[in-house]
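If you read the sequences in order, they're chains A and B.
Following our numbering, the numbering of the first sequence begins with 734 at its first residue and continues without gaps.
Following our numbering, the numbering of the second sequence begins with 80 at its first residue and continues without gaps.
No lab work stands behind these hints: they were computed from the structure.
Small disclaimer: the values here were computed from a predicted structure and weren't measured.
Positions of the beta carbon are idealized from the N, C-alpha and C atoms, including for glycine.
A couple of the hints might just be wrong.
Quick look at which bits of chain A chain B covers, simulated, 3 or more residues with Cβ under 8 Å [to be verified]: (1) 775-788; (2) 863-872; (3) 954-966; (4) 986-996.
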Amino acid sequence: MSSALRRDQNRTTRALLIPALTVIIVFTTVPALTTLSYAFFSWNGFERSGLAGFDNFQRLFQYPYLEQLTAALTHNTIAFVAIMILQTSLGLLLAYAMFRVKRGLRLYRVVVFLPVIFSLVVVGYLWQSLLDPYYGPINQIITAVGFPELAKPWLGDTTTALPSLIFINLWRWVGFPAIVFLAGLNAINTEYIEAARIDGASESQVFRKIMFPLLAPSLTIITVLTFIGAYEWFDLPFVIGGSNGSPAGATDTLALMFYRTSFGSIDSGANDVGVGSALGVLIFTLVGLGAAIGSTLLRRREVEQ
Amino acid sequence: MKISKIRGLVAALFAAVTVVAPGASIASANTEITFWSWRTEDKAFYESQMRLFEAKNPGITVKFTPYLNTEYNAIVATALTAGKGPDVLQMRPYGGMANLSDAGNFLPLSTTDVPALKKLPAGILAGAQGYKDKKQFGLPYAVSALGVMYNPDILEKAGVGALPQTWAQLQSAFDKVKKAGFLPLGNAGGNGPALEQLHATVGPTFYGGTAFFNDVVAGKKTFTDKGYVASLKAVADLAKWMPANYQGIDYNTARGLFANEKAAFYIGGNYEIGYFRSLNPSITIGWFPAPKANAGAKRYVGTWADGAYAVNAKTTQKAAALKLINFLGTKEFGQALVDEIAFIPTAPYVKINDPAVKEINRWRTTLGTPFLNVVGFRFEAPTSSSILQPGFQKLIVGGTTPEQLAKDVQTAVASWYAPQKGKS
Chain A
734 MSSALRRDQN
744 RTTRALLIPA
754 LTVIIVFTTV
764 PALTTLSYAF
774 FSWNGFERSG
784 LAGFDNFQRL
794 FQYPYLEQLT
804 AALTHNTIAF
814 VAIMILQTSL
824 GLLLAYAMFR
834 VKRGLRLYRV
844 VVFLPVIFSL
854 VVVGYLWQSL
864 LDPYYGPINQ
874 IITAVGFPEL
884 AKPWLGDTTT
894 ALPSLIFINL
904 WRWVGFPAIV
914 FLAGLNAINT
924 EYIEAARIDG
934 ASESQVFRKI
944 MFPLLAPSLT
954 IITVLTFIGA
964 YEWFDLPFVI
974 GGSNGSPAGA
984 TDTLALMFYR
994 TSFGSIDSGA
1004 NDVGVGSALG
1014 VLIFTLVGLG
1024 AAIGSTLLRR
1034 REVEQ
Chain B
80 MKISKIRGLV
90 AALFAAVTVV
100 APGASIASAN
110 TEITFWSWRT
120 EDKAFYESQM
130 RLFEAKNPGI
140 TVKFTPYLNT
150 EYNAIVATAL
160 TAGKGPDVLQ
170 MRPYGGMANL
180 SDAGNFLPLS
190 TTDVPALKKL
200 PAGILAGAQG
210 YKDKKQFGLP
220 YAVSALGVMY
230 NPDILEKAGV
240 GALPQTWAQL
250 QSAFDKVKKA
260 GFLPLGNAGG
270 NGPALEQLHA
280 TVGPTFYGGT
290 AFFNDVVAGK
300 KTFTDKGYVA
310 SLKAVADLAK
320 WMPANYQGID
330 YNTARGLFAN
340 EKAAFYIGGN
350 YEIGYFRSLN
360 PSITIGWFPA
370 PKANAGAKRY
380 VGTWADGAYA
390 VNAKTTQKAA
400 ALKLINFLGT
410 KEFGQALVDE
420 IAFIPTAPYV
430 KINDPAVKEI
440 NRWRTTLGTP
450 FLNVVGFRFE
460 APTSSSILQP
470 GFQKLIVGGT
480 TPEQLAKDVQ
490 TAVASWYAPQ
500 KGKS
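Next comes chain A alone, as it looks inside the complex:
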């Protein structure tokens, strides 16, 4: 290609990028940076006053915020680990089952993916009524089959609330990793699998030695997205437990704390935009760095087909 032609192409590419870039800069980058800058000012309610340096960050790590921060961060981390282990492995299992299924793949794919497209608010209310300790069918079934002591106030007990949320999340999202893994499995060159079979490899050997390593790119995507999703977890906890992470903060997350601290809640008229923004910066850094490091490390172990 001549260099003149390349220059011309570059110019066209740049021209085509300008509208999209402008929209992103004006509506995403600038507001995001402005929000980050809020963390360095002191606030009087919703009025910005002078520069505060790192004061807001210091306060975030002091009473009364530190306790909430530690609890929320722990909950996010538990959610990440649990979702990675349960949701991802179940997704992989479902993908493998769908990959091997001879008939009705389309139906299975729809069934597995269906909850993902439900509105989250609907999912929240659905599970809230299913798990209702008084009228809910789940406890009624548990009692009817003879285990009344296992009929718990699932969403109201501080020990079962977070596991229940993780379960609901799994129900809603498991179709996503399943479909991604299924696409990954379909992309594997069948020659490898056939060759292995001819060499006498068992089904589990084929899965462990060929399919799983070649699924690494899918696993990278799922891990990174799960990490981002888990540390920015807001929608489901909010629909189920409200902005205070009811009961008694057992379902609190970093994003809920950010929302509550920045804008106030029923139990505290007093909000703190400064500390809220400092927390925003912390979440942004944590998620940004985590996702970058995670994807770099995971990419390194991906193998070429």
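We have chain A already, so just place chain B on it with the hints.
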């Protein structure tokens, strides 16, 4: 053929536009104002009142939107900060939204703009003033009172003759109701604010009501006071009378248990009565003030100016918004407030006919004591409520002790409230 069809269409369009156009110009002269509230329960009431307002003020329409009570503050704060708030809104009392009024989000109301303000006593007006700036930012519309509501039919069936006067009598009444196969108490633990209101009802007799309120506001006593700890324990003691799995039962289910005549008692505010009646129009509701801790103690009725109507400072419809505020300050509206949803209106010239509300108001005027957290300690973070709401959820499942919870409240308040600084 085709062309004539198109011509016909164009002609029809023209005709439609000329017919619609005069109507459109009327519509543009119409002013729509938006009105937000946290009372999803009262949507039907407010909508019917807004139709009355519109009939009296042609050219103004009101769009009433209520939001979930627990998320209302955040929703309002976000909207106002983004410059997208409503024209008129229900404002939380005392410190509940003082951060917003101090930041200049609400229009200061003068007695010239809103003459109804002149008729309200100072104690009520204080519920809708700023924290730093003591301007009047809202028209307080109702006073709330806390007490014990009961179902006379269930009490009769259970053989509870006299109404409980003491804490011990209340517990024995619960016992009798339970033996008769009914649920003693409808209250549950799924909602922190409802537990806080439960405490504000039964607690004052344990800590000594208004005297303690004044002492703790003046810094003469602290929240670790023996009486206050006992008041927290009282809430924990009530848990065993709540429905099975009370930890996870939400506010609406809990209220439904009383409204649908499954539970004999419900402890809370008079503002629940309208909701109970809307769920079950045939229910009879009795009311008595919270029983005294022991024979020597006094009884109290927790009370406060519960909410006001305010105008968004950035409204483009100031005249229409003020018209609405003035409508909300009329005798007719106040009368409807008590007749239809059993609120106690602030307006002194309203006549209370509802027997239950009449009874509540009688006790309120003789035994009233300020709602400690709402009136005194919601002005800066961490508020006493922000400790107590999740704290009670922990307390009723044994996750913390009354002593520890009292200490946590003291630490929180002492961190910002000058008269309590350095005290533990």
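Tested hints:
1. 775-788: It holds: at least three residues are needed, and the stretch 775-788 of chain A offers 4 whose Cβ sits within less than 8 Å of chain B.
2. 863-872: Answer holds; 6 residues pass the 8 Å Cβ test.
3. 954-966: violated (count 0)
4. 986-996: holds (count 3)
When each numbered hint is compared with the structure, a violation occurs for hint 3 only.
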